[in-house]
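S.K.: Spelled out, the chains give:
Protein chains: 2
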Amino acid sequence: MAAAKTIGDYLIQRLHAHGARHVFGVPGDYALSFFHELESSNLQVINTCDEQGAGFAADAYARVKGLGAVCVTYCVGGLKVANTTAQAFAEKSPVVVISGAPGTNERIKSPLLHHKVRDFDTQLKVFEQITIASTALDNPQTACREIDRVIDAALCHKRPVYIELPRNMVSVKIQPDYLPQETSLPSDDNALNEALLEAKTIINTSKKPVIIAGIELHRYGLQDEFLQFIDKTHIPVASTPLSKSVISEHHPLHMGIYEGAIGREEVRDYVESSDCLILMGTFMTDINLGMFTAHLDQGRSIYATSEKVYIHYHTYEDVSLGNFLKGILQTDINKREHTDSPHPESLQQLQPVAGKTITITYLYQRLNSFIDRNTVIIADTGDAMFGAMDMTIHKETKFLSPAYYASMGFAVPASIGAQLANPNLRPLVLVGDGAFQMTGMELSTAARYDLSPIVIILNNSGYGTERPMLDGCFNDVQTWKYSGLPDILKAGRGFSIKTEDQLEDALQLSRQYTKDICVLDVQIDSADRSLALERMTKAFAKQI
Amino acid sequence: MAAAKTIGDYLIQRLHAHGARHVFGVPGDYALSFFHELESSNLQVINTCDEQGAGFAADAYARVKGLGAVCVTYCVGGLKVANTTAQAFAEKSPVVVISGAPGTNERIKSPLLHHKVRDFDTQLKVFEQITIASTALDNPQTACREIDRVIDAALCHKRPVYIELPRNMVSVKIQPDYLPQETSLPSDDNALNEALLEAKTIINTSKKPVIIAGIELHRYGLQDEFLQFIDKTHIPVASTPLSKSVISEHHPLHMGIYEGAIGREEVRDYVESSDCLILMGTFMTDINLGMFTAHLDQGRSIYATSEKVYIHYHTYEDVSLGNFLKGILQTDINKREHTDSPHPESLQQLQPVAGKTITITYLYQRLNSFIDRNTVIIADTGDAMFGAMDMTIHKETKFLSPAYYASMGFAVPASIGAQLANPNLRPLVLVGDGAFQMTGMELSTAARYDLSPIVIILNNSGYGTERPMLDGCFNDVQTWKYSGLPDILKAGRGFSIKTEDQLEDALQLSRQYTKDICVLDVQIDSADRSLALERMTKAFAKQI
Chain A
1173 MAAAKTIGDY LIQRLHAHGA RHVFGVPGDY ALSFFHELES SNLQVINTCD EQGAGFAADA
1233 YARVKGLGAV CVTYCVGGLK VANTTAQAFA EKSPVVVISG APGTNERIKS PLLHHKVRDF
1293 DTQLKVFEQI TIASTALDNP QTACREIDRV IDAALCHKRP VYIELPRNMV SVKIQPDYLP
1353 QETSLPSDDN ALNEALLEAK TIINTSKKPV IIAGIELHRY GLQDEFLQFI DKTHIPVAST
1413 PLSKSVISEH HPLHMGIYEG AIGREEVRDY VESSDCLILM GTFMTDINLG MFTAHLDQGR
1473 SIYATSEKVY IHYHTYEDVS LGNFLKGILQ TDINKREHTD SPHPESLQQL QPVAGKTITI
1533 TYLYQRLNSF IDRNTVIIAD TGDAMFGAMD MTIHKETKFL SPAYYASMGF AVPASIGAQL
1593 ANPNLRPLVL VGDGAFQMTG MELSTAARYD LSPIVIILNN SGYGTERPML DGCFNDVQTW
1653 KYSGLPDILK AGRGFSIKTE DQLEDALQLS RQYTKDICVL DVQIDSADRS LALERMTKAF
1713 AKQI
Chain B
1173 MAAAKTIGDY LIQRLHAHGA RHVFGVPGDY ALSFFHELES SNLQVINTCD EQGAGFAADA
1233 YARVKGLGAV CVTYCVGGLK VANTTAQAFA EKSPVVVISG APGTNERIKS PLLHHKVRDF
1293 DTQLKVFEQI TIASTALDNP QTACREIDRV IDAALCHKRP VYIELPRNMV SVKIQPDYLP
1353 QETSLPSDDN ALNEALLEAK TIINTSKKPV IIAGIELHRY GLQDEFLQFI DKTHIPVAST
1413 PLSKSVISEH HPLHMGIYEG AIGREEVRDY VESSDCLILM GTFMTDINLG MFTAHLDQGR
1473 SIYATSEKVY IHYHTYEDVS LGNFLKGILQ TDINKREHTD SPHPESLQQL QPVAGKTITI
1533 TYLYQRLNSF IDRNTVIIAD TGDAMFGAMD MTIHKETKFL SPAYYASMGF AVPASIGAQL
1593 ANPNLRPLVL VGDGAFQMTG MELSTAARYD LSPIVIILNN SGYGTERPML DGCFNDVQTW
1653 KYSGLPDILK AGRGFSIKTE DQLEDALQLS RQYTKDICVL DVQIDSADRS LALERMTKAF
1713 AKQI
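Those sequence lines, one after another, are chains A and B.
Using our numbering, read the first sequence as starting at 1173 and increasing by one per residue.
Using our numbering, read the second sequence as starting at 1173 and increasing by one per residue.
Quick caveat, the hints were computed from the structure, so don't treat them as lab data.
Be aware that one or more of the hints could be misleading.
Treat identical chains as interchangeable: a pair holds within one or across any two.
As the list claims (entries may be wrong) - Quick list of in silico lysine-lysine cross-link-like pairs, DSS-like style, CA-CA up to 25 Å:
id, residue 1, residue 2
1, K1687, K1662
2, K1281, K1480
3, K1237, K1507
4, K1567, K1281
5, K1297, K1379
6, K1670, K1177
7, K1653, K1687
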């Protein structure tokens, strides 16, 4: 690749160097010149219907590929991705938000240029709240260094960053001899060694160690090392709603999802009776902790995070999860002979009954045997996610869900990002009717770029997660004929499903139509819900 | 009405007291208890598909009714209305954003509660950037006063405000004897009187005075006084893109839209040759000024705004547009006998030609005679708006458009807000295919609440405003079969239109289906554009 000559070039080259191959977005006049540069670059522009879709798609892309990018115009585009960026922040997804902006030469005397809110830096100030680093590239002397700084922050912290690009800066020349600079987080070797020694002693003297595998294992690319660690030690593993599929759920040491009183009881019993809890990059969120029904004794915990390690009630600063995990792999940890740890329920071969009304429970059991190693499940907020918790995912990182921030509308656009990030995958989207009505028309984008998600719409006429908490008309959702959407989009196949056999037929056909979007409108009773959701909403409702 | 007993009650009563009858939104668990209170109140909850739709609907509602309200949940809901709130800020629309939030009792030790981004006050900090006043109702002692303060700010400044309502505060009792407090902007009578005297002298000694009527005349409810002023003085009036329809465009003194080189030439010539420009509440935005092609000489201007009055090169602080206008009505201003001011083109009675391909020019000319006194035109960003500039609007405030902030996706959800604000109106929505794909599915909300917009989709396969600036695949939009949407929504009528006679038939039927949503998919050539847009994009393109 030729050396970058302009600020726009340089930004594109750095995104490419860190693995991005696509940029999601919607153009606008302040961003047009950068879109024009993108079009002739080695990054492909993916146009979504709305910026919100671009934001969610870039988030999913980042989760699968390690870095995502979204490009929008000033304010009318940027502020539409405030929520998707907040989700990327909350759930540690490294998304680079690039926003066009009025040229610095257009700002003299602060004119009322279109798309301006209050001041020229209003959007920058908003994004300072919801990103880990941000910059406005208004100075050619520092632009390259600023690009390096914020992209490095995204990669170090696995959080979104914001780059504002005034349109007159896109083609400004950069220093020809500028070399990219990389920074890294501070690291304390003494603290690391002491932590490893202490952890070794605790683990080796424990009777019943357990690992709770958290999402940071995935975000920091540590899944291989983690597998080596459990294969070496044979310590059983649970994951959490947010980290579901951080390892293959067919792994013999995988017990299932731990989520306090909300998960499977045998997993909870096993975890909470452990005398040595090893938490690896786990987020201690309310949903991960089953709305705080979890009983995890800090006095028995080793808790490694991306920035520090906690053992019992003391802290080792500047010890990263990665260094801790790689270190402990070199440490002499006893191998356990065999364990009595629980396992996920084995797959059931269901016989669909013709004419029998479909239930959520049946649906998830059937989908559990439908998925394979090339399926990536993308679950939206609500029973789409809760019901899927007990599915058994074949390979690591084949389940994506906003299980902490819990923004509705993620799944359909996320399927676009996931499949572009890895074309070998076929997304299985699980989405409620409420969430589908927010962003589901991004199927148009899937059609435009020849993607093939299978979309299961849990059509229960409303916000099913909220009904058991506090119901009212405000939880109702208008009924759409979802199976007709392929006619509107002039692409894909639609299925209207009320019974077990109709589901069976639709799944078989969806498997055959390998290149098509398949929309399965699964009509379930508005009172039907998964057992997991039943338990979850009871815990939630206490707070309303 | 019984006196309010709780914080939730009080907020509802104050919204009602200031004219709101509907609240737009999407529920979520942190907002459920307030939604529950709303449901049993005298405000009707309007559920939209996505929060973005609620934000735009509330903005349009505020423009028609004087105050709008949107209610959402914490972060995942609130941050989705960041852009719509920014638009309300930029274009002075008083929208109250109410967001649920975790209870103050849930925040001890800063737990990772779902929907949280960084800190508990992250969303508040974001909204501080894009509202004129904001508050978190975390103290029962000050909650009522805070509600008064921010709602007053919305009404004084005609800007959006933000109220965060922790869920445990909704039913907290308030002081039984609390009385609402109102504040007002500072006012300087001496400055007012001097300004009036000076203005009178200048106007009466001028040869060719002209008024540019701005949007603040509408926002501050001054249209009646303004009409009295022009009827008394016979000074001719132009309006701007943002203030289009601030007076009836059939008024004999109305010349048309002034927008520099982009508008009709005879209006420009008349305005720019005036020796006394009276700007009443006009926003000096780039679009209003025709991308700064306007030549308005400050040395010949009297410029009254909501906060101060400028005469030539000096300023009268603390003199409001309202006081200035009411004062000048009492002042002895000469009545002009007759003028040579231009007028909008008279309506053309078109004969549709069977089979003749439709053009943008024909479409707008035909729509110009289709609209009547009960039509409110709602134009989205792009040629939907530019093309409509030369339509002649029958009554004041019957044209709504984001003609400054220019966010795409406004029109369809805005039509919901406008029709609920005034059920006597039938919205005529003008929207490009790009903007429709962002929020057009909010037609579902229109169907749910029995509304009847006529939606004209300018289907030209892309972002038509951008093509002449800088074109590429990024300006393409996927083709949908828009006329099939009524099948999906199980409501309304769809029309596929390629020719003049097809348009004619669809318009006639739309007029008959008075209670139905009508979707007119008008397929135009991707190179076709209105003359206004042609001139506009030439001015824009210089900046790219």
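S.K.: Give the relationship of K1297 and K1379 under a CA distance limit of 25 Å: within one copy only, between copies only, both, or neither.
M.R.: neither (52 Å within a copy, 48 Å between copies)
S.K.: For K1237 and K1507, with the copy left unspecified, which applies at a CA distance of at most 25 Å: within, between, both, or neither?
M.R.: For K1237 and K1507, the Cα distance exceeds 25 Å both inside one copy (33 Å) and across copies (72 Å).
S.K.: Checking K1687 and K1662: alpha-carbon separation at most 25 Å within a copy, between copies, both or neither?
M.R.: This pair counts as within: shortest intra-copy Cα distance 14 Å, inter-copy 29 Å.
S.K.: Which holds for K1653 with K1687 at a C-alpha limit of 25 Å: within a copy, between copies, both or neither?
M.R.: both (23 Å within a copy, 21 Å between copies)
S.K.: Under a CA distance limit of 25 Å, which applies to K1281 and K1480: within one copy, between copies, both, or neither?
M.R.: between (48 Å within a copy, 19 Å between copies)
S.K.: As a check of your reading, is K1567 near K1281 (CA-CA no more than 25 Å) within one copy, between copies, both or neither?
M.R.: neither (57 Å within a copy, 36 Å between copies)
S.K.: One pair to classify: K1670 and K1177, alpha carbons no more than 25 Å apart. Within, between, both, or neither?
M.R.: This pair counts as neither: shortest intra-copy Cα distance 59 Å, inter-copy 47 Å.
In summary, the structure is inconsistent with hints 3, 4, 5 and 6 from the numbered list given earlier, while agreeing with the others.
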